[in-house]
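Protein sequences, first through last, are from chains A and B. Using our numbering, the first residue of the first sequence is number 1, and each one after it goes up by one. Using our numbering, the first residue of the second sequence is number 1, and each one after it goes up by one.
Some hints here could point you the wrong way.
[To be verified] The calculated lysine to aspartate or glutamate pairs, modelled on EDC-like cross-linking and capped at a C-alpha distance of 16 Å, are: (1) B/182 to A/35; (2) B/94 to B/72; (3) B/223 to B/121; (4) B/94 to B/122; (5) B/14 to B/122; (6) B/223 to A/35; (7) B/94 to A/35; (8) B/14 to B/121; (9) B/94 to B/124.
[To be verified] Which bits of chain B does chain A cover? Going by a derived footprint, with three or more residues having C-beta under 8 Å, they are: (10) 88-94; (11) 179-193; (12) 206-218.
I should point out that these hints are in silico values taken from the structure, not numbers from a laboratory. Ideal placement from N, C-alpha and C gives every residue a C-beta, glycine not left out.
Each chain is listed here by its residues.
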Amino acid sequence: MPIVLMILGMSVVTYIPRALPAFLLDKISISPKIEGILYAIPYAALGVLIFPGILSVDQSNPIVGLAGGGIAIVLSYFKLNITYVIIGAVLGVIVMKMFLL
Amino acid sequence: MMSKHSMMILKGIKKGVPIMIGFIPISTAFAVIALQTGLSPLETVLMSVMLLAGASQLMAVNMLAIGAGNIEIIAATFIINIRHLIMSTYVMNKLKDVSKPLKLILAFGVTDETFAMLSVEEPENCNSYFFAGMAAVTYGAWVLGTMLGILLNTFIPASICSSMSIALYAMFIGLIMPSVQKNHKVLYIIGISIVLNIVLGMFLTSSWAVVLSTLLGGIIGSKIVRREKQDERSNADCTNDFGDVRSNLHS
Chain A
1 MPIVLMILGM
11 SVVTYIPRAL
21 PAFLLDKISI
31 SPKIEGILYA
41 IPYAALGVLI
51 FPGILSVDQS
61 NPIVGLAGGG
71 IAIVLSYFKL
81 NITYVIIGAV
91 LGVIVMKMFL
101 L
Chain B
1 MMSKHSMMIL
11 KGIKKGVPIM
21 IGFIPISTAF
31 AVIALQTGLS
41 PLETVLMSVM
51 LLAGASQLMA
61 VNMLAIGAGN
71 IEIIAATFII
81 NIRHLIMSTY
91 VMNKLKDVSK
101 PLKLILAFGV
111 TDETFAMLSV
121 EEPENCNSYF
131 FAGMAAVTYG
141 AWVLGTMLGI
151 LLNTFIPASI
161 CSSMSIALYA
171 MFIGLIMPSV
181 QKNHKVLYII
191 GISIVLNIVL
201 GMFLTSSWAV
211 VLSTLLGGII
221 GSKIVRREKQ
231 DERSNADCTN
241 DFGDVRSNLH
251 S
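The shape of chain A in the complex, shown without the other chains (with noise of 0.2 Å):
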């Protein structure tokens, strides 16, 4: 199978299920009790989407993505905007890498 056909293939099941919701929302109403769970479900995904994925920043140390968390964490504690917060992250990453390396 050629390469350009594995990629038609892989961004027709990427998009099924972006698009499927688009469908069957109107079909069906949601129950206060669904409604809910959505309201739950960006803290669940978020949690879910950081740990432990954020460990493998630096694939043989960690520390280094769990430090970068920490900085993370630190700069939205006291309020900067969230631009800020990547950067500094990102900075702490890159400065922390030049030191164990």
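Fit chain B to the supplied structure of chain A, relying on the hints for placement.
Chain B only, in chain A's frame:
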């Protein structure tokens, strides 16, 4: 004077900037790795244009590198991206004002990051124009970052690019923090989901573990929030079942 709609698009573009900062190094890293795996520059850009899916693109080139078959890669892509079903349900539920053809276009822009941004956005900003602006910026950043990686391929080592993946995690943390500061119970939802993910990850592939722990974490989380709501109801100052979470999410 700008129209209300273009103001909304502009607002969305602004909220897309942090995602852009996170996307450019990652798509650059993807391009460098893809070229090293043997994909042509055209195939590399095509993948970013047609998929807009960081995790599955990186996984695909890694699988190609170890000689995996095309069907296997397509199947793995599907499993990884099932999580978007939950996220898109959430996003589409917020974009109620939109016609179906437009919804189908906007659905392409549902990523972990645009979903996360929209989920902490104030209700009056949750419309198609806002989301379109945000999705357009992130899509542009993803494709441009891929092209940048092709241009810089010979100059930057992949390890430097990939170390910048901290950007997305920092963004997710920055998105959660305001809610945590207002309501510590949010931490329970996050903690329960993480534990579920780790436990399920022992028995399932990591992508299925992500899907199930998000869903279960959301179900359990909605109960935690509801119980708190009932406690508060005795103080007779609640608006609706989830007013509590909503005010935390959106203020």
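Cross-check of the supplied hints:
Of the supplied pair hints, the one linking residue 182 of chain B and residue 35 of chain A is violated, its CA atoms being roughly 21 Å apart against a limit of 16 Å. For a cut-off of 16 Å, the pair hint linking residue 94 of chain B to residue 72 of chain B is broken: about 34 Å separates their Cα positions. Taking the CA atoms of residue 223 of chain B and residue 121 of chain B, the gap is near 22 Å; set against the 16 Å cutoff, the hint is violated. Only pairs whose Cα atoms come within 16 Å are accepted, and residue 94 of chain B paired with residue 122 of chain B is accepted, the gap being roughly 11 Å.
For the given pair, residue 14 of chain B sits about 14 Å from residue 122 of chain B by alpha-carbon distance, which is consistent with the 16 Å threshold. At roughly 12 Å between alpha-carbon atoms, residue 223 of chain B and residue 35 of chain A fall within 16 Å of each other, so this suggested pair holds. Between the alpha carbons of residue 94 of chain B and residue 35 of chain A the distance comes to roughly 11 Å, so the proposed pair stays at or under 16 Å and holds. Our distance criterion of 16 Å between C-alpha atoms is met by residue 14 of chain B and residue 121 of chain B, whose separation comes to about 12 Å.
Taking the CA atoms of residue 94 of chain B and residue 124 of chain B, the gap is about 10 Å. The hint holds against a cut of 16 Å. Given a C-beta distance limit of less than 8 Å, the hint that chain A covers the segment 88-94 of chain B holds, as 6 residues qualify and 3 suffice. With 8 residues having a Cβ less than 8 Å from any Cβ of chain A, the segment 179-193 of chain B passes the three-residue criterion, so the hint holds. With a threshold of 8 Å between beta carbons, the proposed coverage of the segment 206-218 of chain B by chain A holds, since 7 of its residues qualify and at least three are required.
The structure does not agree with the numbered hints 1, 2 and 3 stated previously, though it agrees with the rest.
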